[in-house]
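Visitor: What follows is each chain in one-letter form.
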Amino acid sequence: DTGVSQDPRHKITKRGQNVTFRCDPISEHNRLYWYRQTLGQGPEFLTYFQNEAQLEKSRLLSDRFSAERPKGSFSTLEIQRTEQGDSAMYLCASTLNTEAFFGQGTRLTVV
Amino acid sequence: GIQVEQSPPDLILQEGANSTLRCNFSDSVNNLQWFHQNPWGQLINLFYIPSGTKQNGRLSATTVATERYSLLYISSSQTTDSGVYFCAASSGNTPLVFGKGTRLSVIA
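These protein sequence lines are chains X and V, in that order. The opening position of the first sequence corresponds to residue 4 in the numbering used here, with each subsequent residue numbered one higher. The opening position of the second sequence corresponds to residue 8 in the numbering used here, with each subsequent residue numbered one higher.
Hints listed in this document are in silico derivations from the structure and should not be mistaken for laboratory results. Treat each hint with caution, since some may be false.
What the hints assert, rightly or not - Subject to a maximum C-alpha distance of 30 angstroms in a straight line, what follows is the list of computed BS3-like cross-link-like pairs (lysine-lysine):
| id | chain 1 | residue 1 | chain 2 | residue 2 |
| --- | --- | --- | --- | --- |
| 1 | V | Lys61 | V | Lys107 |
| 2 | X | Lys74 | X | Lys14 |
| 3 | X | Lys60 | X | Lys74 |
| 4 | V | Lys107 | X | Lys14 |
| 5 | X | Lys60 | V | Lys107 |
Please put together the full structure from these sequences, using the hints given.
Guide: The following block contains the structure:
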C-alpha cells in the first residue's frame, strides 16, 4: 500500500454543477478525515469516519456537502450546486488512532 | 476546542542557516504532528511528536507537553526546505486542528 490516494487531483466545474471526490485510505486504517484548505490558510476539518460511521461534522459542512464511507473502505465527498466559494483544496487523511497521513488532495476550481 | 498558533508566519533564510519554528497549543494533547506542504499541496509527515524529542537528518522537533508548545528545528537549510510548515494537534479522539503555518523561503 502506497498511502492515501485521492481522485481526481484537479477538478474544474461550472457554478451550480455537482462534483464528487474519492479518497482511498491506507488499507488497515479505521479513521478517515476530510479537510478543506483555502489559499494562505491551514487545513480546516470537515468531517470524519470511524469505519463506516460518520462521527463528526464541522459547521463548515453545509447541507450541500455529503460524505459517505460505505463498508468502511474508500470515502466519497459530494458537493451539490457548487459555488465559487467552494474553490479550495480538499484533503483526505487516514489514521489507525495515532499518526495521520494525508493524500495528495483534490484541487477544486469553480468558475 | 484546541487552538494552535504558529510563529513566525513568514521566514526568509540564507542557504546554510538554521531556524526554529514554534507551535503553541491551548490544551493538553495526545497527538501533535509537523508537516511540510509541498508545492503541489500534499502534506508530508515530518514528525509525530506528542511529547519528547525526535531527530531526522537535518530536522529535529521537541514538544514540551506540560508547557504546551512544540519546536521544529531546521539546520543547514537548503532551498528544497522552502515551503509551508504546519503544526497540527488534537486531544482525545478529536480531529487534528492545524495552525496557519510558517512560510519558509530559503534563498541561495
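Visitor: Taken at face value, is the distance from the CA of V:Lys107 to the CA of V:Lys61 at most 30 angstroms?
Guide: Status holds; Cα separation ~23 angstroms.
Visitor: Taking 30 angstroms as the top limit, are the C-alpha atoms of X:Lys60 and V:Lys107 close enough?
Guide: Holds, at roughly 21 angstroms.
Visitor: For X:Lys60 and X:Lys74, compute the direct alpha-carbon distance and say whether it is at most 30 angstroms.
Guide: Measuring from Cα to Cα gives roughly 19 angstroms; hence the hint holds.
Visitor: Can you confirm whether the C-alpha distance between V:Lys107 and X:Lys14 stays at or below 30 angstroms?
Guide: holds, 25 angstroms
Visitor: Quick one, are X:Lys74 and X:Lys14 close enough, alpha carbons at most 30 angstroms?
Guide: holds, 26 angstroms
Violation of the numbered hints given earlier is absent; every hint is satisfied by the structure.
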